[in-house]
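**Q** One line per chain: the protein sequences are A and B, in this order. End of the first sequence = 107 in the numbering used here, gap-free, step of one. End of the second sequence = 107 in the numbering used here, gap-free, step of one.
Some hints here could point you the wrong way.
As the list claims (entries may be wrong) - Part of the chain B face toward chain A, derived, beta carbon under 8 angstroms: (1) PHE4; (2) HIS5; (3) ILE31; (4) GLU50; (5) ASP75; (6) ASP92.
Bear in mind the hints are in silico, worked out from the structure with no lab data behind them. Cβ coordinates follow ideal geometry from the N, Cα and C atoms, glycine included.
Protein chains: 2
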Amino acid sequence: MNVFHQLESTPEKEIFGGWFGRMIHGENMTISYFRAKAGSILPRHSHPHEQISTVLEGELELTIGEETRICRLGDVAVIPSNVEHQARALTDVRVMDVFAPVREDYR
Amino acid sequence: MNVFHQLESTPEKEIFGGWFGRMIHGENMTISYFRAKAGSILPRHSHPHEQISTVLEGELELTIGEETRICRLGDVAVIPSNVEHQARALTDVRVMDVFAPVREDYR
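Using the sequences and the hints, build the whole thing.
**A** Shown next, in the form of structure tokens:
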């Protein structure tokens, strides 16, 4: 397995309209660096993977289950397995998501 | 489980001399936001947890197994389970590490 990675040489994939991510996969985790323009919506969905999201830049409206918060730099959300969530970029945003286990659908 | 977290209200722990981290634990992952001053060394060690490290600020000399690289913003390292690694802060650094499974020793 490749140990050292550079994000700028990792190809970017549009995983949903307006959400562009660079993904790096380990054995047990996938880490994804996303960007989206203001107004981009990631509709309500769920997956068996646990997810931890960290906002790196901008304002992200995040709904997890029935709770909605506006998240900014320094905010971290832990989304349990199979819990429905959605996101809306209130500004241009950069968000780092980690998933366990690996997101095979992101390969 | 608490879903929304703010790093600034998460207590900081010194996990080794000069390495200060704020840790958030999920079910299957721990995410740690570390800072260290220039010159701080994290000696060679290993653990069963897979680790993915992302440099957020500064220059980090990272040795994984027998390979050494200087990592900066945009560099990501995937450290497999039980592989020895060490780190040296060449400048003041901020690094984000994720571990799977949870680092029970960081609770």
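**Q** Should the hint that PHE4 of chain B touches chain A count as held when the rule is a Cβ pair under 8 angstroms?
**A** holds (5 angstroms)
**Q** Under 8 angstroms, Cβ to Cβ, is where ASP92 of chain B needs to be relative to chain A, so tell me if that hint holds or is violated.
**A** With Cβ-Cβ at 18 angstroms, over 8 angstroms, it is violated.
**Q** Would the hint on GLU50 of chain B be counted as holding, given a Cβ-Cβ threshold of 8 angstroms to chain A?
**A** This hint holds: GLU50 of chain B lies near chain A, its Cβ roughly 5 angstroms from the closest one there, short of 8 angstroms.
**Q** Double-check HIS5 of chain B for me: the hint is only fine if its C-beta lies closer than 8 angstroms to a C-beta in chain A.
**A** holds (4 angstroms)
**Q** Taking the closest Cβ pair, is ILE31 of chain B under 8 angstroms from chain A?
**A** Since the shortest Cβ distance to chain A is 5 angstroms, the answer is holds.
**Q** Checking hints one by one. Is ASP75 of chain B an interface residue toward chain A, by the C-beta closer than 8 angstroms rule?
**A** It holds, given that the least Cβ distance between ASP75 of chain B and chain A is near 6 angstroms, below 8 angstroms.
In terms of the numbered hints stated before, the structure departs from hint 6 and from no other.
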